[in-house]
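S.K.: Sequence:
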Amino acid sequence: MVRKLSFWGLSISVWLAGMALLGGMFGWNLAWFKDWQWLAEQTGWRFWLSQWLFRALLCLPLVLGLLVLLHPLWLGRRVLAATKADLVVAAAPNAETLSRRRFMLEAGLLGGLVGYSSVIEPFNPEIVELELPIANLPSRFEGFKIVQLSDLHVCAYTPATDVARAVSLINQLDADIVAITGDFVDQHAKFADDATVPLRQLQAREGIFSVLGNHDYYTGDIDRMIWAIKRADLGLLINQHTIIRRGADRLNLVGLDDPKHDDGDGWSHSSIDPARAFAKLRASDPCITLLHNPIFAPSVVKAYGPQLILAGHTHGGQIWVPILTESVVRSRDHFVAGRYQLANSQIYVNRGWGFTGPPLRFAKRPEISVVRLTRGQESALRD
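Residue numbering for the sequence shown follows our numbering, beginning at 1 and increasing consecutively.
Since the hints were derived computationally from the structure, they do not count as laboratory data.
Treat the hints with care, as some may be off.
Unchecked claim - When the alpha-carbon atoms are kept at most 27 Å apart in a straight line, the in silico DSSO-like pairs for lysine-lysine are as follows:
#1 Lys302 x Lys190
#2 Lys190 x Lys230
#3 Lys280 x Lys302
#4 Lys280 x Lys190
#5 Lys302 x Lys230
#6 Lys230 x Lys145
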């Protein structure tokens, strides 16, 4: 009986160790890796080699953690060295058997899945094109094209080289404006130049516009972030609006500060000020709003009713797990990814470009959104 209790106790401990390993990789946000300046400074073949080696090393503990979660009983019994006196434990009806061939097969499958999520999907961005009808869109803005980039999260493993790749793709899209919806860096202000300098090359007829995200605040040096963004001439809007004019026609563009950068359950009322941002706008003009975290979108829609809100923050969940990803992200941020209808407003949530936590993406490719405005009544979008 004591042996059996020891067996189960060790198995549970091994399972908890696997949970702690995976939880640590996600929950601790891998800050010690993201701070590696030398990794971010590699270019050319050195960049690809260092990134692949780094990600391969990162895959090993992740695969081990998944195997521990899948087979705690088998691993527990292997650790608890069996003697002839322990055969009753080994023969326990609930004890799991695992052949070496099965172990290698599962390890290979998990390694391949993690490898794909680390070195293939993150470098395979998707350009999502969609038309959004705006009821009161002036004729001169028919076909107005907004290209959205979000959540760069520049750090050691999303360096300036990767931002330049996004810029190259965007410059082929013939944008009227480019909207950047926050999280330029992951959590270190020292990467501010790496995030913003490549963005100076962005091309758009009516300009580049941006807002801040919660991770820009997490750096602890928001003044440096703001300075870098403004120096790159990225049209930073902090509770401000601008008006895009084509002849006598006008399109309002509002940029809101991040409402949740205190990382708590409440709003950062000290920073977000929609009353100031929407002040003195003509109600007859259509309004496009840039907002990093979509959790605040219902409040904005209820109070001000902009025709369109462009947001980011969620990464679409970043790693798709059936049912779990959608429910977790929706419970936390209200919206997951893609377009939604809320009253007479439309909301589009971009999946982002970089990572939060481990540099992994599965079934949630990096995204550049191309939103084309059209005249007409709002269509029925998904709730």
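S.K.: Does the structure break any of the earlier hints, and which numbers would those be?
M.R.: Hints 1, 4 and 5 contradicted; others consistent.
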